[in-house]
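Novice: This is what each chain is made of:
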Amino acid sequence: MIPEPGEGYVRLSPRKLLLDPVKAVGQMVVPVAIALIGISRSDTKFWPIILPLAVFGPLVLGALPWLTTHYRLTATQIQVRSGVLNKTTSTAPLDRVRSVDLEASLLHRVLGLQKVQIGTGVDDDRITLDALAAPDAQALRTTLLTRRAVADQQAATPPVDQPADQPADQSLGLLPDQQSRPVAPPPPAPPAPAVALARIDWSWLRFAPFSLGRLVLLVGGLGVLSQFADELPIWNEETATSAWEWLTQFAVVAIVLVLAVGALTLWLVVSVAGYVLQWWDFRLVREHGSLHLTSGLVTTRSITVEEAKVRGVELTEPVLMRLVGGAELSTLATGVENGVTQVLPPCPREVAVAVGEAVLDRPGPLTGRLVAHGPKAHRRAWFRQLRNALDVIVLLALGWWWFDLTWWWLAAIGATLLALAAAAGEASYRHLGHALAGDHLVVGGGTFARIRTVLETDGIIGWVVSQSWWQRRIGLADLTATTAAGTERVLVRDVRLDVAVALADRATPGLLTDFVEPDRVPA
Amino acid sequence: MTDVGGVPVLRAPANRVSPQAVPFWTVSALLGDAVLVVAAVLVWLLVPGLPGWAGLVVLLVAVAAVAHVVLMPRIRYRVHRWEVTDTAVHTREGWIGRQTRIAPISRVQTVDSRQGALMRLFGLASITVTTASAAGPITVDCLDADTARRVVAQLTAITAATEDDAT
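Protein sequences appear in the order of chains Z and P. Letter by letter, the first sequence follows residues 1 to 523 of full-length UniProt numbering. Letter by letter, the second sequence follows residues 1 to 167 of full-length UniProt numbering.
Okay, chain Z solo, but in the shape it has when bound (with noise of 0.2 Å):
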């Protein structure tokens, strides 16, 4: 149960006992190990006082933060205090509450217990309640978005009087006690109910080798395990040759297909494997004003992202799920720690953008097209990774010259290079572009994958208009909207510098009309 506002201080779950012994245990196990060995070897005479150390020293400090934690909720704020030595309590505002998460990692779920996050805007810490039974944690979750809710709603309408417009049926049903004052406040509005916006569709994992984010990961664990190969006996110098001498005779070919086809096989698994497991139950859904995600396997996440503060969408189509027609979606949000959230896995881009529509509540700035930024910008995309290329090639020559080696394998990576330039070049020009659709600035970008990113006009905080000396002979800007939303900046790259006035002054009507002379002839 979780207390009713004005009631005194809760403990978190007594199931937290279980939890947190464990978790310690598993913190302590290493360095305890250690020191016993250490003592073994040393005196046998120790035993008597080490070892229950050792065994309730977890156990009690793992039972402290349970006896020292209580929280409780009043009319207008959640309280949290905790400490042993240095008492803190910590408190949020309700009308403060941005997001509440939950998570469950396994040891949670086979306990049933949730841990409760929740933020408050603009400072980054947030009040972590780990852990409540988790139908507490629902409760309270539910609990502090209605509440908050109700908190914004009367903040935004300042009461008045009619009681004769409110149905009848909704004072009824939630505040009875006020049916004797004639001049109540008109109640809130029931909370909405929530719509399902999107939901796993076991489909959508052929997405799943074609998103790279895990590629890190499983080369980083490949790496690991070329440690210990290192160490295996089959790793010396003859065995080595020998093998290199039959590999080149009988099998190079056979050898290198067998590989590549392995390493395809394990990326299959891992990139499903984990697609299953990060996504598992998957459910966006929109109550409270709020969008709430939901996912996972083994560990369990809820996300909660307050819809007020959503400022925007970010839709990216890395290459590979570009072939493949799959999309990625993330909100952009102001006053949660990482204003970048995925709100969908990889998916098609039809369902990307039907749920991107449904989140910034209009049809339009994620398909709509964009005004391309001309020849120049076209010519700079090119240059810029031209260069970029002709840098790497310039190291390598030096590198060839220092080592001395055959001249005909640089020829053959710098072409390569050159070309993926090229393309590389090409690609960054087709997705730039911008547009203001409404009340959104949408601006087309990324070098490989395409990115479409989506500000509410409303959002953008500032301007910025830098020129290069080389942007300034040939009249481009980039054009950054600076935001507190994501990752707080929206950046309009190579447009041309009248253009960029133009948008900027149109996106936010007002805030350049002082610094704009309209009536420039055109050059």
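Hints are computed from structural coordinates only; laboratory data are not their basis. Among the hints, erroneous ones may be present.
Claimed, not checked - In silico contact screen, one side only, chain Z against chain P (beta carbon under 7 Å); selected entries:
| id | residue |
| --- | --- |
| 1 | 263 |
| 2 | 488 |
| 3 | 511 |
Keep in mind it's a predicted model, so treat the numbers as computed, not measured. Ideal placement from N, C-alpha and C gives every residue a C-beta, glycine not left out.
Position chain P against the provided structure of chain Z, taking the given hints into account.
Specialist: Showing chain P alone in chain Z's frame:
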């Protein structure tokens, strides 16, 4: 893109920075560049067996440093401008490139002023205005100290009057 025939042009902000900024930038550039040039010359003198073009490189470094010290402060003084209206802060800065920054005062969160030891010597101070975006801080470099105090007071008064959390 344009609405009414003419091409919209962002005009320069109204005010220049303090004229004292020129000697200040000159001295700070001199201090930085002198270290670099002295280091290059020392290497050239002390390391034996350098090829002939090493001397040329050192010479180029020295010439570039002199050009930097002489030209940079003057160009910069021409480019750097600032303006604070009732609704917005507008600055322009740079010397090779250009950055123009505009932020609405209603979204300003903090106003800091800073005065380094060298700046104090020239009677200068810088103001930094931050918004809720990490990409958005606006710095007005090298105002004379009195102007800086006045602007800070003005900005603080305006921002104190706005209430929401400016995101």
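Novice: Hint by hint, note whether the structure agrees.
Specialist: Now the hints, each set against the structure:
1. For residue 263 of chain Z, the shortest C-beta to C-beta distance to chain P is roughly 39 Å, which exceeds 7 Å, and the interface hint is violated.
2. Annotation: interface hint on residue 488 of chain Z holds; nearest CB of chain P at approximately 4 Å, less than 7 Å.
3. Among the interface hints, the one on residue 511 of chain Z holds; its C-beta lies about 5 Å from the nearest C-beta in chain P, closer than the 7 Å criterion.
Violated hint: 1 only; the structure is consistent with all others.
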